[in-house]
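> Just so you know, the sequences run in chain order E and G. Counting along the first sequence from 1, when you hit position 182 you're at 182 in my numbering, and nothing is skipped either side. Counting from 1 along the second sequence, just add 246 to a position and that's the residue number in my numbering.
Hints listed in this document are in silico derivations from the structure and should not be mistaken for laboratory results. All values derive from a computational prediction rather than experimental measurement. Positions of the beta carbon are idealized from the N, C-alpha and C atoms, including for glycine.
Reference listing, derived: stretches of chain E covered by chain G, where coverage requires no fewer than 3 residues with Cβ under 8 Å from a Cβ of chain G:
#, segment
1, 33-42
2, 52-62
3, 78-86
4, 113-125
5, 157-165
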Amino acid sequence: MAALSTPLEFADGRVELAEPTLVDLAGSDVRALNSALHAVDVAEKAPTWRVVNPDGRHNIAVGLDADVDVVVDGHVGYYCAGMNKAATVTVNGNAGVGAAENMMSGTVRIRGNASQSAGATAHGGLLVVEGSAAARCGISMKGVDIVVGGDVGHMSAFMGQAGRLVVCGDAGDALGDSLYEARLYVAGSVKSLGADCVEKEVRAEHLAELAGLLTAAGIDADPSSFRRYGSARRLYNFHVDNASAY
Amino acid sequence: MTDNTAPAPDPALRESATFDRATIADIQRAAETGIYDIRGGGAKRKVPHFDDLLFLGASMSRYPLEGYRERCDTDVVLGNRNATYPLHLATPVTIAGMSFGALSGRAKEALGRGASEVGTSTTTGDGGMTPEERGQSKHLVYQYLPSRYGMNPDHLRMADAIEVVLGQGAKPGGGGMLLGQKITERVAGMRTLPMGVDQRSACRHPDWTGPDDLEIKIRELREITDWEKPIYVKIGATRTYYDVKLAAKAGADVIVLDGMQGGTAATQDVFIEHVGIPTLAALPQAVQALQEEELHRKVQLVVSGGIRNGADLAKCMALGADAVAIGTAALIALGDNAPHLDAEYRRLGSAAGYYDDWQAGRDPAGITTQDDELAQRLDPVQGGRRLANFIRVMTMEAQIIARACGKAHLHSLEPEDLVALTIEAAAMARVPLAGTSWIPGHGL
Ligand SMILES: Cc1cc2nc3c(=O)[nH]c(=O)nc-3n(C[C@H](O)[C@H](O)[C@H](O)COP(=O)(O)O)c2cc1C
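Working from the sequences, and respecting the hints, build out all of it.
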């Protein structure tokens, strides 16, 4: 692994950021990378990172909790940027299962496609998948914002508790099954809605919310082309007449 | 509730073994309400258990240790396979994971105080970590559950160990449940849910499925916490032999095995009573699986589900466990089902010694509740002391047995020290029926 690069401070107070710290995973391992990214002073000493030759390795850049910027050139395996806090992680490639799972804050951007359970249980921050996301995108989401440029697979936003899921393409079967309070926006078709998920009126505040999310994600789409889905809240307290829906 | 003033039924009346009064009452209740029964506690039916085993104390052929003077150590190290900081506990009696939400904040604090006083660990539960328990727990295990309610990487980093929960003995294959009346503002906030809704917890983890995925998940948890903390995997007892092998191969440092008698805060009665296998039947399977992988004592085994006293502890150790976990017994030590609350239990349609409505939130003992007024009834300092007393007694009882068997450490107890009282227990525990050399199913 390349040595940590430090910003150059000049006598006149000018600070110039050094080159990003380069990590070649062909010659280093994920454990050393994560450990370096967890260094307490990483945000001051090495705020930018470039990771090359990820070759689908799992658990790249997990558990970050500082304001660092990490770019990964290539495809990543499971749980890339898992539990991210504060950091910005960009993957110039596709991501395996559970990208940005349980993210708390910060931004994760997958330039390609994401496999299952992208953004699962995430509490905050912004996850952008520029391509499509597979099944269970945003499963049990707890406050994260997820913007998907393409389609999402079945059971997306299953049990979604809070946060917003924006799908610019189509959604698969059982969208928003057993949904709590997460808000879902889909521009394309929805194959089917899950239990207790219903279409809801798009009002001005929703258009504004969508516009903000699309801008934050850097995705060019017309907010008025989206439909909104949310919880009918019929399963919030057990009722015997709904037993078959559980 | 039975009416004590009613005259005894005519002795000629004969109760059906198949349709006994409890069964009749169940059918009547279902017909009236249209909903299955949800309750707390574990399986109530009688199943083969540790009471069906006996120790062979030393006499001519074995040499005992002197009761009060010769050492019999009780400490245990959990999670030294991969972690930089394994847990070193003074007693092998640990406190099982019970959620804040199911229990009051003060009850969680009391568990932490009691456990810390005797140098053992306590465990969070579905719903996350509270400052009360982190503050009072010297060794705190953080549960990682399918629901991920309150799951926070900062809490992972603050924990002393991480427990990936695949299931519980009371409901293997089932998710969690916390009824709306216990979802107060604080509980709802911690779980990111609206107040007063029935909280359903998923039964499957949202971002992995089989053992190959679990291996990667365990790696992720290690990476996030820089390989510092032991990673446990908790399973409900069913296909234990295979599940333990797969969990150990996936990289678990510690396996927590919970048998069908294991308590729960809220589960359908049909699930509690009819799914899973007894703790006694599961434990030898787990030990065999670890032995075959040459991981016995390297991956530690923590056993729970109906552990009540030092004899149960000693029997678990003899069968190959490294430690036990207690849930129900810990709540009883805090004051659950106390006789002085009998009148209040009766007002709720129960009685002291029977109370199991831990799901309802109206616990007169102030333990399984989120009602501030009820929760105030439990003094966490006094509760902690009672729990510490109880764990000390359990530990001393196990030492008494171990010394009688000539063992200078609880871990030196072995299956050879045990016999079974019933054929069933002999077959399950794989020890001979008392007075014979017969282990059913062996040597055929
Ligand atoms: C009130 C209560 C709440 C529980 N909550 C959880 C939980 O959140 N997560 C979990 O894995 N197990 C939970 N359990 C199960 C215990 O961790 C443990 O497996 C069980 O209590 C052991 O059996 P015992 O009660 O016979 O000692 C709970 C049990 C009780 C009694």
